Amino acid sequence: MAWVNAIIQGVLTGGLYALFACGLSLMFGVMKVVNLAHGDLAVVAGYVGIGVIAVTHVPVLWSFLIVVPVMAALGYVLQRTIIQSALDRSVLTTLLVTFGLSIVIENGLLQFFTANSRSIGADLALVRDSFSLGSQIQIGYLVVVIFATAVIVLLGLQYFLSASRYGRLIRASADDPEAAQLAGADYRHVFGVAAAIAFGTVALAGMAYGMYSQLQPTTGTDTILLFAFAAVVIGGLGSLWGTLLGGVVLGVAQQIGAQINISDEVLAGYLVFLAVLVLRPQGLTARRAQ
Amino acid sequence: MSLVADVGASSAAGFRVTRSRRNVAWTGVGALVVVVVLAMFPYIVYSGTTTIMVQAFIVLTLASMWNLLAGYAGLVSVGQQAFVGLGAYVVLILALHGASPFAALPVAAISCGVAAFPLWWLVSRLRSGYFAIATWVLAATIMLFIERFSSIGGGTGMSLPGFAALSPTLLTAYTYWAGLAVTVAALATIYILLRGKLGLVLTAIRDDEVAARSSGARVGLARLLVFVVAGTGCGAAGAVLAISQLQVQPAAVFSVQWTAEMAFATVIGGLGTIEGPIVGTAVFIVLQQTLSSYNAWYLIILGLVAIVVALFARRGLWGLVDARLNLRLFPVGYYLRLNGDNGGATRWRRTRVPDQRERPSSGPA
Numbered sequence: 065m066a067w068v069n070a071i072i073q074g075v076l077t078g079g080l081y082a083l084f085a086c087g088l089s090l091m092f093g094v095m096k097v098v099n100l101a102h103g104d105l106a107v108v109a110g111y112v113g114i115g116v117i118a119v120t121h122v123p124v125l126w127s128f129l130i131v132v133p134v135m136a137a138l139g140y141v142l143q144r145t146i147i148q149s150a151l152d153r154s155v156l157t158t159l160l161v162t163f164g165l166s167i168v169i170e171n172g173l174l175q176f177f178t179a180n181s182r183s184i185g186a187d188l189a190l191v192r193d194s195f196s197l198g199s200q201i202q203i204g205y206l207v208v209v210i211f212a213t214a215v216i217v218l219l220g221l222q223y224f225l226s227a228s229r230y231g232r233l234i235r236a237s238a239d240d241p242e243a244a245q246l247a248g249a250d251y252r253h254v255f256g257v258a259a260a261i262a263f264g265t266v267a268l269a270g271m272a273y274g275m276y277s278q279l280q281p282t283t284g285t286d287t288i289l290l291f292a293f294a295a296v297v298i299g300g301l302g303s304l305w306g307t308l309l310g311g312v313v314l315g316v317a318q319q320i321g322a323q324i325n326i327s328d329e330v331l332a333g334y335l336v337f338l339a340v341l342v343l344r345p346q347g348l349t350a351r352r353a354q
Numbered sequence: 041m042s043l044v045a046d047v048g049a050s051s052a053a054g055f056r057v058t059r060s061r062r063n064v065a066w067t068g069v070g071a072l073v074v075v076v077v078l079a080m081f082p083y084i085v086y087s088g089t090t091t092i093m094v095q096a097f098i099v100l101t102l103a104s105m106w107n108l109l110a111g112y113a114g115l116v117s118v119g120q121q122a123f124v125g126l127g128a129y130v131v132l133i134l135a136l137h138g139a140s141p142f143a144a145l146p147v148a149a150i151s152c153g154v155a156a157f158p159l160w161w162l163v164s165r166l167r168s169g170y171f172a173i174a175t176w177v178l179a180a181t182i183m184l185f186i187e188r189f190s191s192i193g194g195g196t197g198m199s200l201p202g203f204a205a206l207s208p209t210l211l212t213a214y215t216y217w218a219g220l221a222v223t224v225a226a227l228a229t230i231y232i233l234l235r236g237k238l239g240l241v242l243t244a245i246r247d248d249e250v251a252a253r254s255s256g257a258r259v260g261l262a263r264l265l266v267f268v269v270a271g272t273g274c275g276a277a278g279a280v281l282a283i284s285q286l287q288v289q290p291a292a293v294f295s296v297q298w299t300a301e302m303a304f305a306t307v308i309g310g311l312g313t314i315e316g317p318i319v320g321t322a323v324f325i326v327l328q329q330t331l332s333s334y335n336a337w338y339l340i341i342l343g344l345v346a347i348v349v350a351l352f353a354r355r356g357l358w359g360l361v362d363a364r365l366n367l368r369l370f371p372v373g374y375y376l377r378l379n380g381d382n383g384g385a386t387r388w389r390r391t392r393v394p395d396q397r398e399r400p401s402s403g404p405a
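Going down the list, the protein sequences come from chains S and A.
So the first sequence is residues 65 to 354, counted in the numbering used here.
So the second sequence is residues 41 to 405, counted in the numbering used here.
Just so you know, these hints were derived from the structure itself, not from any lab.
Keep in mind that the hints are not guaranteed to be accurate.
[Stated by the list, open to error] Pairwise CB distance ranges, derived in the manner of DEER restraints:
#1 188/S <-> 88/A: 45 to 55 angstroms
#2 164/A <-> 229/S: 33 to 43 angstroms
#3 191/A <-> 215/S: 42 to 52 angstroms
#4 120/S <-> 81/A: 52 to 62 angstroms
#5 67/A <-> 179/S: 45 to 55 angstroms
#6 352/A <-> 133/S: 27 to 37 angstroms
#7 352/A <-> 96/S: 14 to 24 angstroms
#8 70/A <-> 348/S: 35 to 45 angstroms
#9 200/S <-> 225/A: 45 to 55 angstroms
#10 161/A <-> 141/S: 36 to 46 angstroms
#11 115/S <-> 190/A: 32 to 42 angstroms
[What the hints assert, rightly or not] Only some residues are given here: those of chain S computed to face chain A with a beta carbon under 8 angstroms:
#12 100
#13 149
#14 150
#15 153
#16 171
#17 176
#18 183
#19 185
#20 186
#21 326
#22 330
#23 331
#24 334
#25 341
#26 342
#27 343
If you're wondering where the values come from, they're calculated on a predicted model, not measured in any experiment.
Positions of the beta carbon are idealized from the N, C-alpha and C atoms, including for glycine.
Construct the complete structure from the given sequences, taking the supplied hints into account.
Right, dumping it as structure tokens:
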């Protein structure tokens, strides 16, 4: 029964990892930017949320209405300024710049907010309570809500990109910025909007992790960025549904690892990632790796 | 197993090709003098200074290796801390079995070079940005794996044995010489490699990977070689780190901070030149020492400076020097001299084989 529990919990945490991976995938898919500061920006979103709640005393769930737009605006500004100017130079420059951002943000958080871990809404019924399945399986409401959110976000993105007018514009700009420009689209603005959407999902990821567990300045890299990346690679680059599958596989691997030896949780997830890299580098869904 | 499948270039008459516009002999003599003076430091300066110098040696070795990866082979690795940590742990394991940590240093370097082969096999499946994060995941995986063994300290690490026979003064001096030796070996290796065929291939990859491939450059093989050399160098630096810290803690030796330091030092000094990491390391050490009482601020400032340099002065500080003085301490490129002007050494044509990313802005030809 413990194993069934591990698998159920793994699948549900997989939703959280898919949420982590969403913004990373979108930024790469549209702008060809691998944002190494991805996880640290999610932690920033979490800290902004904690700040908003502490200052304005809004209910936790209402704070999302502030944090998500703030991060989206930050995404637009960052994309239009330093990320775009790095893109104009070379892929190497975007990596250097986002890696620089990652280190600056992480150490900045460490300086201003210490290494203490913080959580969001720890006294909320949604975060605390769980329901039982049978006698041995306890499922928290929060992970179910996060999983549902991840599915909704992925579905929404999929629909937005494939069916909406603006989604078509984004895909056109991603395929060939100059051609889109010639056809009358301002691709820099379109990239800004795509980055805003990506940062919106990053904000959701950061807040969700703050509620699910605890945020520390180092959470951004050692958990969010690396798990997001592992989910993307396991699922297959460039596929949104693959990302969900990747998140689920990573989550299940971690929970099974934890079942074998509690300290091997993270290691087990990475070993599955490496196994996929060796056996099926294009990811579990069939598109070819770049 | 040649790096270049077919080099069809034959030197036509009418011009001569040399390594440098200036006489290179002084560079060799100068380098020798610098090394000899540096080697005498333990006799002439306080031990506080040599301790800082050891840090500088570690950062310089790491930065030079990272420069080889990112500046020449186009491989942005953010997981080089994997090799720093492995190097440190090989020294620890050998010392626990009774070897002298100093004797363990070369073994650590070679082990890291050997370990680089399977690790390359794993990460080379991904390109550019995803390669970067893959190396990071790999470093995290190796750390988690090593933490499982409580006999080498588990998650908390342990102090390095094997120094009982040495007096503190002698230990400081030996550590300093070990650091100096590693750095000199690293720079010499890179210089020799870049002057040879590998340098030619790497320069071609740096300027245009597709063109390099179509001209018969074995890009994959060149990158593997660079990854192995960088692994060896970072492992040696990790071994020096373990000796200078007298302890090995997994979270400290496998910290991404090492990659941040090597990358920032390289970018600030100048990516794609041997001189760049030297300049960058000097900037790094000065900043770190000045801001040493303000915790992580040096890393924040360094990161911000690196971002600005990457965006607005892509050839770094050394690039600014080179643009004005046309100076190379380590000449690895070529200069072209037309036979038409048969003046003395001062009348070189200023047509030089373009390097760095200065090609689009037509040089002083």
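Okay, residue 120/S versus residue 81/A on CB: inside 52 to 62 angstroms? 58 angstroms, holds
Under 8 angstroms is the threshold here; is the Cβ of residue 183/S close enough to any Cβ of chain A for the hint to stand? Cβ of residue 183/S sits 22 angstroms from chain A, so the hint is violated.
Interface hint outcome for residue 100/S [beta carbon to chain A under 8 angstroms]: 7 angstroms, holds
Supplied distance hint 42 to 52 angstroms, evaluated on CB atoms of residue 191/A and residue 215/S: With Cβ atoms ~45 angstroms apart, the hint holds.
CB of residue 200/S to CB of residue 225/A, is that within 45 to 55 angstroms? 60 angstroms, violated
Given residue 176/S as an interface hint, is its Cβ closer than 8 angstroms to any Cβ of chain A? 10 angstroms, violated
Less than 8 angstroms between beta-carbons is the criterion; does residue 342/S satisfy it with respect to chain A? With a closest approach of 7 angstroms, the residue 342/S hint holds.
Status of the hint placing residue 334/S at chain A (closest C-beta pair under 8 angstroms): 4 angstroms, holds
The hint names residue 326/S as touching chain A; please verify it with the least Cβ-Cβ distance against 8 angstroms. Interface hint status for residue 326/S: violated (12 angstroms vs cutoff 8 angstroms).
Min Cβ distance, residue 149/S to chain A: is it shorter than 8 angstroms? 6 angstroms, holds
Closer than 8 angstroms between Cβ atoms is the bar; does residue 153/S clear it against chain A? Give me holds or violated. 7 angstroms, holds
Next item in the hint list is residue 341/S. Is there a CB on chain A closer than 8 angstroms to its CB? It holds, given that the least Cβ distance between residue 341/S and chain A is near 6 angstroms, below 8 angstroms.
When each numbered hint is compared with the structure, violations occur for hints 8, 9, 17, 18, 19, 20, 21 and 27.
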